[in-house]
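Protein chains: 2
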Amino acid sequence: MVKHLSTHPYKGTRDFYPEDMAVQRYIFDTWAYVAELYGYERYDASVLEPADLYKSKGAENEELVNEQTYTFLDRGDREVTLRPEMTPTAARMIAAKKRDLSFPVRWYSIPNLFRYERMQRGRLREHWQLNCDLFGIDDYTADVELITLAYNVMTAFGATDDMFEIRINDRAWITEMLEAEGLSPDQVTDMILLLDRKEKIDDFDTKAKHIAGKTIDFSAAPKPSSRLGRVIAGLAVLGITNVRVSLSTVRGFNYYTGVVFEIFDTSTENNRSIGGGGRYDNLTSLFGGDPVPGIGFGMGDVTMRDFLETHGLLTANITAPTLVVVPTEPEHNLEAERVAQQFRAAGVSATVDLGARKLKKKIAAASDALVSYVLVLGDAETATGTFTLKRLTDGTETSGTLEELVAVCASL
Amino acid sequence: MVKHLSTHPYKGTRDFYPEDMAVQRYIFDTWAYVAELYGYERYDASVLEPADLYKSKGAENEELVNEQTYTFLDRGDREVTLRPEMTPTAARMIAAKKRDLSFPVRWYSIPNLFRYERMQRGRLREHWQLNCDLFGIDDYTADVELITLAYNVMTAFGATDDMFEIRINDRAWITEMLEAEGLSPDQVTDMILLLDRKEKIDDFDTKAKHIAGKTIDFSAAPKPSSRLGRVIAGLAVLGITNVRVSLSTVRGFNYYTGVVFEIFDTSTENNRSIGGGGRYDNLTSLFGGDPVPGIGFGMGDVTMRDFLETHGLLTANITAPTLVVVPTEPEHNLEAERVAQQFRAAGVSATVDLGARKLKKKIAAASDALVSYVLVLGDAETATGTFTLKRLTDGTETSGTLEELVAVCASL
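For the record, the sequence lines run as chains D and U.
Residues in the first sequence are numbered consecutively from 0, following numbering that gives the first Met the number 0.
Residues in the second sequence are numbered consecutively from 0, following numbering that gives the first Met the number 0.
Okay, chain D solo, but in the shape it has when bound (with noise of 0.2 Å):
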């Protein structure tokens, strides 16, 4: 017995047909748009990345490397790791040129982006992010001006002001607020990643009370820093008021040092964060050198793809072609070839139907397709030279030489 192969795409990933591939390109194409517009330029690097990369932090870190990503040994026996975020790429990349660029640089990228996950149902080991980083910048308005990207990004999607909101907060301000309680760096440590648990978790104030020795009252809302108070103001004055402080909004990576904020969606349904991102001043420095002052943010195609769902926005880059050109019989593929080519030459995007259908089924798939136009070819146009263009969307018929219909397309 022949076993055959399975068609099943790897565990955790997915394949793109070209019905998925267009949904994927609406929301890329929306974002590299918006990303554009803000004057950043687009990166990008290999999904392999030296595993050193993410274990700067010591052993703890190098054990979520090893039980959270995809690393493995080369026959060079060079640890390499498929990337779980791009930040650090950009900071190594930043790094690496420091002397060459000119600040502040402003860039994005699409990676896709891997993670090692137990097998739990509908997690995913591989999506996209949109990146964005601004750096060699440390006013306050360099913040203002990723979050507004950020929030454009959701209104580009055609989001309103009640479908999300920024929640907002600055490690720097959390950080000094716990150390005013007399917790020690490890203590401040462990409390902001519980902190970033803390909607997910049923017993915070028992783990917020075990790690400091006693209880802090979190919920008192604290007048939020100056740094954070001018950010706030700043978007108002570009219009962004859909903003909250959130003092459990702190970001699981331990980069960050400043102002960080989450997109999070609004709706019962899907009440979850979208992107997100924040400050990183000292990332480059573990490259050595002075340290180049980030801040970034990243936003997923699978989160943005549910949150369109679920409110309706979801749409799709459809690119069908302008014409199919449909031989009666496969005797005249090769005319058939040659008459497409001529609408091709103008710029009109044309194909053939080569198989060996009955006409009426090629003309319902090239309208299944949403095709513009058919040209059906046989004897008698092959005879007479006069060719006859249908407009699938409402049978409309324009006779002529080739050259009149390619016009007819081309003026489109």
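Source of the hints: derived by calculation from the structure; they are not laboratory data.
Incorrect hints may appear among the rest.
Note that identical chains are pooled: a pair holds if it fits in a single copy or bridges any two copies.
[What the hints assert, rightly or not] 20 Å max Cα-Cα, derived DMTMM-like pairs, lysine to aspartate or glutamate:
| # | residue 1 | residue 2 |
| --- | --- | --- |
| 1 | K208 | E198 |
| 2 | K389 | D19 |
| 3 | K208 | E175 |
| 4 | K360 | E330 |
| 5 | K357 | D19 |
| 6 | K10 | D51 |
| 7 | K199 | E396 |
| 8 | K10 | E78 |
| 9 | K357 | D138 |
| 10 | K357 | D189 |
| 11 | K389 | D204 |
| 12 | K360 | D138 |
| 13 | K54 | E116 |
| 14 | K197 | E403 |
| 15 | K359 | D99 |
| 16 | K96 | E18 |
| 17 | K54 | D280 |
| 18 | K2 | D289 |
| 19 | K197 | D185 |
| 20 | K357 | E328 |
Model, not experiment: these values are computed from the prediction.
Keeping the supplied structure of chain D fixed, place chain U upon it in accordance with the hints.
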């Protein structure tokens, strides 16, 4: 002493800084434009594939997979490979939805591909490739179309017929010819693999004699197969005549069954294959059920770039913002963001120089980045509400309200 992280990318991979990315995007955009001009739809899949996908041909192939690919075990003991080529993935996806798809199916993708290369200078471990495939059509006109598309990719970059040639062959014909000489199926396979390396080795004749057990006169050009003849005649009808039958063009992969071809650079400095492909009529049958005929080709970003550089055709899709707003002092940064936001709202890409550099340096940096306009914002502008737009190409200045200046840029 603090040990710093390296800023180098992983061995054999590339960082794409914005200036590199602009070249990459020029290549990718041109590829996508031509593929869609021919009605090919974009698809994609994960770089991670089950290793079995590349092991279908038994133990010998398994060794190749292990030695020349990135293959590792995940924590669920699944063997995973970073895809070395895209055709098996396309065949897998076609096989999975065979019943739902309306043939002919035309697909293209621009995947990144990986191969494990030993430590050779300049050899890359990751590259990108345009892949175009046409499924469901046996007819020779499908071969003609696919080769025409590959030809058109070259001309879309500005290449002329003297810069490259299309080397074409027919695996079925070669196989018949060798069988007629009395070679066994294994000898035929070995001879085809040897023919693939003919241009790269000195002792072809010796090795060929060793395989066949006798001398085979490859130089006596036999008459092309009738299939090959029809494809070449068909290409001529579409105006493509830089085509040459080449017995040593057999393509490395075992799955090819019919017409195979390569686009070859004719220059003496870069005399190499830029891409190629062929017909593989049985590939989907590995997944069970009736086979779907297929023909496809691939073309790499590195070979494409080398070709374009060799022939002076390389350019880049640079995406500078239209406008840079330049605050005279950091205290005007927020107001500058507010001004930029008004341009963005009209679809004009705009950025703010948030840095603390001198005005002159900021304007010079904008000019270096190929920005079209700058708008300087200081006390006077904030007080009067009258702003001045300076066109950087010729120094022309236009003054007016923000609304008036937005209109100037939006009408570009």
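Query raised in the report: Any of the earlier hints contradicted here, and which numbers?
Result: 2, 5, 7, 10, 11 and 14
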